[in-house]
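Using the sequences and the accompanying hints, generate a full structural model.
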Amino acid sequence: MIGSAASNQVGAAAGAHAFPAIGPAGVVAVRQVVAAAVLLPVARPDPRRFTWAQWWPTLLLGLVFAIMNLSLYTAVDRVGLALAVTLEFLGPLAVALAGSRTGKDLLCAAGAGVGVYVLVLPDAASDWAGIGSGLVAAACWAAYILLNRLVGARLPGLQAPAAATTVSALLYLPVVLVLAARGGLTATALLFAVGAGVFSSVVPYAADLIALRRVPARFFGVVMSVHPVFAALAGLVLLGETLRSHEWLGIVVVVTVNVLAVSPAGVRHSGAVLPAPGERPGICSGGDLAE
Numbered sequence: 000m001i002g003s004a005a006s007n008q009v010g011a012a013a014g015a016h017a018f019p020a021i022g023p024a025g026v027v028a029v030r031q032v033v034a035a036a037v038l039l040p041v042a043r044p045d046p047r048r049f050t051w052a053q054w055w056p057t058l059l060l061g062l063v064f065a066i067m068n069l070s071l072y073t074a075v076d077r078v079g080l081a082l083a084v085t086l087e088f089l090g091p092l093a094v095a096l097a098g099s100r101t102g103k104d105l106l107c108a109a110g111a112g113v114g115v116y117v118l119v120l121p122d123a124a125s126d127w128a129g130i131g132s133g134l135v136a137a138a139c140w141a142a143y144i145l146l147n148r149l150v151g152a153r154l155p156g157l158q159a160p161a162a163a164t165t166v167s168a169l170l171y172l173p174v175v176l177v178l179a180a181r182g183g184l185t186a187t188a189l190l191f192a193v194g195a196g197v198f199s200s201v202v203p204y205a206a207d208l209i210a211l212r213r214v215p216a217r218f219f220g221v222v223m224s225v226h227p228v229f230a231a232l233a234g235l236v237l238l239g240e241t242l243r244s245h246e247w248l249g250i251v252v253v254v255t256v257n258v259l260a261v262s263p264a265g266v267r268h269s270g271a272v273l274p275a276p277g278e279r280p281g282i283c284s285g286g287d288l289a290e
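Quick note on numbering that gives the first Met the number 0: the sequence shown kicks off at 0 and runs consecutively.
Bear in mind the hints are in silico, worked out from the structure with no lab data behind them. Please note that the accuracy of each hint is not assured.
To be verified - Between beta-carbon pairs, the in silico distance windows are:
# : residue 1 : residue 2 : range
1 : R181      : W247      : 16 to 24 Å
2 : V236      : S125      : 20 to 28 Å
3 : G239      : K103      : 20 to 28 Å
4 : L58       : L134      : 17 to 25 Å
5 : A124      : K103      : 31 to 39 Å
6 : P40       : H245      : 45 to 53 Å
7 : R48       : L120      : 51 to 59 Å
The structure displayed is predicted, hence computed values, not measured ones. By construction, the Cβ of each residue, glycine as well, lies at the ideal position given by its N, Cα and C atoms.
Encoded structure:
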């Protein structure tokens, strides 16, 4: 899970280098095509044998991939990597808090709101389009966690992310064709976009699916707390983005709130990784899925 997070942020920083040449949509298009080209030969899914119970979450996951990546890269382009990823991180936090009725979790939700406010310090000059794109990415990341866990239980191996990524790649194929026709796919831009595909799609999709077969979604949210920190470091080292003190404070508040919200659940369920007798690995109960 930690390797997935680090790879994701390195890939996002690599993709940002291609924005001037092909824009966020172009980077996402190449990234999805690369991910499909790598995952399909490895997983070898057979769509003809998919049942409807396997198809509908796979199709939804492909749509989530398409929207999540575009909205995140749009936010990165407008407000920077660290802020974009911290906003996106509200998705896993929402998964962790979903269904909770305790006072502590309500305070955590309020704390997350305070953290985002400190991070953004909204005013008339704020880039609301960039902030909104980050929040759309957050909603998609929440859906990604739950859908990935669902399809991971219904399809073996890496068939689910391979099929879903192919769906997303087909949606973006017209973008690739237009860029190619206009000569926008320069060698440098293509190299950075391909790097984004490998580090931000292939590695995390496979690693997250394997992880979500073994740990509850709430515990997954604890480990995902490293994403905003890795994003800030990747932005600093690879993009030269420096953060102001209030932005670091906002990141710390959001990460701390997430850990406080879900760490008890992680400890409580840490022994529930193995399936019960008679169950197949990867199959979880409805309650566990909701978490």
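Going through the hints against the structure:
1. R181 / W247: 16 to 24 Å: violated, 40 Å
2. V236 / S125: 20 to 28 Å: holds, 26 Å
3. G239 / K103: 20 to 28 Å: violated, 39 Å
4. L58 / L134: 17 to 25 Å: Given range 17 to 25 Å: holds, Cβ gap about 24 Å.
5. A124 / K103: 31 to 39 Å: holds, 36 Å
6. P40 / H245: 45 to 53 Å: The hinted range 45 to 53 Å holds for P40 and H245, with Cβ atoms some 47 Å apart.
7. R48 / L120: 51 to 59 Å: Holds: the Cβ-Cβ distance is about 53 Å, inside 51 to 59 Å.
The structure does not agree with the numbered hints 1 and 3 stated previously, though it agrees with the rest.
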